[in-house]
Amino acid sequence: MQTDRLDNGGRIDRTKTLNFTFNGRPYQGFEGDTLASALLANGVRLTARSFKYHRPRGIVGSGVEEPSTLVELLGDDASGNRPVTTVALREGLAAKSVNCWPSPELDVGAINQMFARFLPAGFYYKTFKWPNWHLYEPFIRKAAGLAAAPAEPPKEGHFENRYAHCDLLIAGAGPAGLMAALVAGRAGQRVMLVDEGSEPGGSLLSRNLMIDGKPAMEWVRSVSAELAGLSNVRHLQNATVWGYREHNFVMVNEREPEQPSILERNWRVRAGQVLCATGAIERTLVFGNNDRPGVMLASAVQTYVNRYAVRPGKRAVIFTNNNSAYAVAADMQASGIEIAAIVDSRENPPEVARASVPGVEVLSGQVITTTHGRRRVRAVTVAPAKGGTGRKITCDLVTVSGGWNPAVHLWSQSRGTLAYDQALSTFRPDKAAQSAASAGAADGHLVLAEALRSGAEAGANGGALPDIPASDDLDYAVDPLWQVEQASGKAFLDMQNDVSVDDVHLALREGYDNVEHVKRYTTGGMGIDQGKVGNINIIGTVAMQKGLPLDEVGTTTFRAPYTPVSFGAIGGIREGSVALPYRHTPVTAWNLANGAFMYESGARWRRPGYFPRAGEAFQDTVNRECRTVRNDVGVYDGSPLGTFELKGRDVGRFLDHLYTNVMSNLKVGRARYGLMLSDDGLVMDDGVALRLSQDRWIISTSTGHADAINGHMEEILQTEFPDWNVFITTVTSQWNNATICGPKAREVMQALGTDIDISTEALPFMAFAEGHVADIPARVVRVSFTGELSFEVNVAPRDLLRLWQRILEVGVPFGIAPIGSEANHVLRVEKGFLSLGHEVDGPIDPFDLGLGWAMSKKKADYLGKRSVALRRAGTSNRRELVGVIPEPDRMIPEGGPLTPGGEKKPTEGFVTACVYSTVHDRWVGLALLENGHSRHGETVHVRLNDGVIPARVTPPIHYDAGGERLRS
Amino acid sequence: MTPVVKGSDPDMPYDARIDRLPIYALFDLKGPKEALAAWSKDTLEFPNGPSRLKRRGSAALCHIGPNRWLLRDDLQNEAALSETLRPQDAPAEISIVRVSDTQTFFRITGPDALEVMSIGCTLDLHATVFGPDAVSYTEFFGIKALVLRCEGGFECAVEQSFGNMIEDFLTRAMA
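Respectively, the protein sequence lines represent chains A and B. Residues in the first sequence are numbered consecutively from 579, following this note's numbering. Residues in the second sequence are numbered consecutively from 29, following this note's numbering.
Quick caveat, the hints were computed from the structure, so don't treat them as lab data. By construction, the Cβ of each residue, glycine as well, lies at the ideal position given by its N, Cα and C atoms. Among the clues, some could well be false.
Claimed, not checked - To be clear about the criterion: a stretch of chain A counts as covered by chain B if any three or more of its residues have a C-beta under 8 Å from a C-beta of chain B, and this derived list gives those stretches:
#1 1123-1131
#2 1301-1309
#3 1354-1362
As the list claims (entries may be wrong) - A few chain A residues that don't get close to chain B, going by computed Cβ distances all over 10 Å:
#4 Asp585
#5 Gly807
#6 Gln911
#7 Pro1159
#8 Arg1250
#9 Tyr1251
#10 Pro1484
#11 His1511
#12 Arg1513
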């Protein structure tokens, strides 16, 4: 029963009744309601319990400033910690209070109130130290936080990100924002007007004001209609500008896009200029028990009365220090709420204010010292501000207004400065750091006429101003009141975090006297509301206590997000299969269809790890694939290898600079292995260079480093050798390859049919030739990563799948099988071939790897040469590549640390890889070991959590040390 | 890829059609414009400025960086272009590399084409900024991409190995 719904008025649709539940109880509201207005209409006043003390709390605000009542939405709307004032009512909505059990009325946690004196700010810093923090951590973590995050993603729909660009982004469609949009839109600017409310108008939605002699909302309708007709204006409602970054990069969270399948949209906007027309937020007043349900912001009461036709109380006391509460009083009176008194802390409230509520008792120079009641306010005590005897006034609603703060959050995020305005008793925008401006109440223009003018000026941006519509509004005047000094009972500065005046005083006493330190010590200004209604009172309290003016205390940092944003909206459609980038080759679909176990294996490529057959365990599969290559023939897709074509007269000397060995004397048709070093002489990458002609080369890089090496080469060319004639073109995806490897590889090549002479004499190891394979144009390269005879058949990707299938067809008589990365890894470990990320892990140079032969002595200079020479001239021990044979025969985990004697001592190296070798029928490994090259034959020890594994040190090549097989 | 079309599902959020295109003939051209023009025997018609393209018949020559162009044509013309441009014989001061297989093109057309593009593309594609002959490398769903206009919308190319992922993204965007 909507007992507190007014008979008339409001911007609600009374023909559309909506059913909803709150804490399991059924209620009804109307289309256009928020959950807050519907609860108030149903007479629900106790809606929450406070964070720390579990004190009874009610609804305080009417918008994003709400500090007290957070709710958890259930069912299809599942979402945690939503300010009750920002939840639009809809049919079937189910919500519950957070941080209370079993209900706000009977909350077990309320026992905390008995121990409140033992729970001041920072008590946890001092209490949970002995015997150690970890003893308490599980309990504290369980108790921390409010509502839980939803366990499941939404059942239907998806989130979306979108980029946008505009000349002018206006945050806020109140009077100033609308005026600015109108002026800029008419002038042809690309305008983006963004407003967090469900409909435009800002404060005009809640106030009974006139513009050009008509109700202000008629002006809003007219302006909105004109904007809708301008193709250069994009107008978003239910959308919050929540972040303002460098270069006018602004983030907007649109909560109800017009497309039903899109749950929320996050806009990433580059704006030529940003206009902050974000309005102002009313601040609360600080007196005893000012958190009791029924104590509400005056602007919120005005909103509930005028916009939602809800009466939040029957008999009210209004407590203020400024004029705006008088207009609220007039609206409340008109709605039938009895005004018991206006308590004005000013000695002489302006007559113009008093005149707006004739007949209402104004208690000037007085303050509320405390409220009375249990689960809702029943009365207040009022006393002279300067001290004296108080009197009790019964009421069920206390309406407070401590003045107005421009909503400077976005401005401040843009790194614009703030200045304290004595007349307004608040901080307002000062100097811009980017192309940004403020207008309307956000710039301190708290009277409607000023707001409209400032909006027009901002929209015109120095151009001609249109006629500014006439308007009526009460002049604004305020005398600051940061706290009621004779308050009785806890006086809260930050209701969301249960931070009271006493907490701030304690922080100051304990030496946390910078306002940022006060914030961190007390948590004042943190949380979901970010202290929108109370921060300035904390600053004021600090100022009073320290005897400083407010501008010397300063503000804390305003950070994004301005209001909470769903993680889903930030991620957009980047979820599920596209949460991370992935790449495919023309054979990927075949791999999947043939049961390959796929995973990411560098540079986001999805590659087959292995091809399990029925009944095979993982190791069985890998062993089978290894035996296939060692005994018969295998084939793998080597397409992801980084490949670049280099062209120009200076490529030879450029490669001489990049690689440690000489490349410039390579003959056409031949290939050469090379190492690339960084400036500090450490191995960066390895690969093979092919000389196609005098001025054309192909180089390959490791898969994972392809992009980095591309950038590396370009940087060197552009910064060190800009005059050299070298062009680099990435052709990784122009030349895919199938590598046929194993003793029967040549027979498979012959079965495929080729016009290339593939004999050892004509096409020896480290040579290549161009021609056709299986009638497909191809470049065949004799390199080997497995240590076996190998033919790397490079073709255009459009031909790879055809080639691949043909290889597997003709290879059947030779026992061919596809092999995955796991078998490749085993085969290269047997051969002692290095792998980036395993043996090359950053601090390794060629000598450490036993590749000193690749360091040219002929070249005068090359990248990393000097650094290697300097290092080698030193005496420090180096970790050098060795083979290891575990004794007893067992697997050693990669990274297993080697310590002297297996004791708890500093490591002398680690195992880089350990695989089951089918040729040796045992586990073999590689390791980086201090002075390893001189320790062959020694026993070293791998120290693991579950024991110590002895291992014999060997040369790093476990198989075919002479390389006869790969040269065959 | 089966074209994703708004008409096939009225619940789709955007009125647009998305097609994954067959590969084009592509040649990466680098070096001084004059040298490239001379080597091609003036068969290349260069665009008027940076990040612009010049169309001639089915071919488009796109400026994609200082002294760098991308020649695009239908795949059926690849052999003829290769004959004309003779990449393997080109002099040292220029570089001509066939890169037809390196790019996967998508075409996004329809009334909401710009909206769909803006889900993945950071570039300002408004008609007043990105005109009919505009072309640029930019970002599409976090991947380096070439964007140009086509009749009724845009074409967008990504490195071939990301083609499936971009198709995945676009399908999700239209769901």
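Q.
Under the constraints set out in the numbered hints, which ones does this structure not fulfil?
A. Result: hints 1, 3, 7 break, sorted rising.
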